[in-house]
Amino acid sequence: MKNNLKILMPTLREKERYVAFQVISEDSITYSDLEAAIWNSMMDFFGEYGTAKTSMWIVKNLYDEQNQIGVIRCNNKSVQEVITGLGLISRLGDVRVTIKILSVSGTIRGLKIK
Amino acid sequence: MKFFDLHVHSAFSEGTSSLEQLASMAKELGFSGICFAEYYNVEEHIKKLMTEIEKAKGKVGIEIFLGFEARNPRELSALIEKRKRFDVLLARGGDLKLNRLAVETPEVDILTHPDYERTDSGLNHILVRLAAKNEVAIEVNFREVLITNGRTRSRILSNMKNNVMLAKKLHAPIIISCGAISEWELKSTQELISFGTQLGLELDEAKAAISRIPEDILSKSSERRDKRWIAPGVKVIK
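Read top to bottom, the protein sequences are chains U and L. Just so you know, we're using this note's numbering here: the first sequence kicks off at 2 and counts up by one. Just so you know, we're using this note's numbering here: the second sequence kicks off at 1299 and counts up by one.
All clues stand as given, with none of them false.
Using C-beta positions, here's what the derived DEER-type ranges look like: (1) L/Gly1498 - U/Ile70: 24 to 34 Å; (2) L/Lys1525 - U/Tyr32: 55 to 65 Å; (3) U/Ser104 - L/Trp1527: 36 to 46 Å; (4) U/Arg110 - L/Arg1523: 44 to 54 Å; (5) L/Leu1501 - U/Gly51: 11 to 21 Å.
Simulated from the structure, these hints should not be mistaken for lab results. Note that CB positions come from ideal geometry on N, CA and C, so glycine has one too.
Kindly generate the complete structure, drawing on both the sequences and the hints.
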């Protein structure tokens, strides 16, 4: 028996949104620091249950280290929650940062066009 | 759509960054204009700030406004006398006497963080009704949430939600601002809008809290600074 599940039909799948953001920082940052800060911020503000409801996921392979641009995937009903969580990040380790939201789209292709 | 942040402190008061640093970060984050809310000490303060603002305006290329935040009733009455010389008059909430005085005074534009260092929200239906009558905007200050955590943050959020609920019900203007004291505490316009939606505002109401309402305050203020202005709705035509 195969180990992977059959993919759900589009009508049964959760609708996704991709949020592109840029980290403006006083010094260079690492991806692992950023990932930890995003999860901590979401957990602190919304808790485990609230974060679970957003279906949030940080898309690692879309992270642009040079321009410090990243992408978060979440469901279409939780975009405002995810953006609020990003807004509550003020430090990555010892580096002071602020996060700028670049765009929100239903597809990664849409993000790139925007 | 133009976005404004009307409550930012520079190194002139309790802030740690210069006017230029703050203004250029605000531009980067999508704001069309910001207002420096400083503390009033002496007469030369206004002149010095105005010169610095003019310099920063030329360099950065966004609209920069001058505001003063009154910390007590005495400062408030001194600033009301000089009201025509700057753009925005803010009153630092927290003290019930000042909260009351601010919402009763039509010259005041914004009552900042009415729940500051309080266990209650600092406002009730009577004060919010007065704010609506006198067009004094109730501020939601993002910095209060940014710099706290745990129980304190939870209490602040609960107070903010109460104030937003009252302001919505009694049609008082609501304004969302960063309350930043350094450029790293400034947040993008999208983040402030999303934060507003978490407090019970609809998306368009949250957008208005950083665009239409601040714009109304600024246009009212520029009208008031006109030499022909006498009182709200009254000005010399000829």
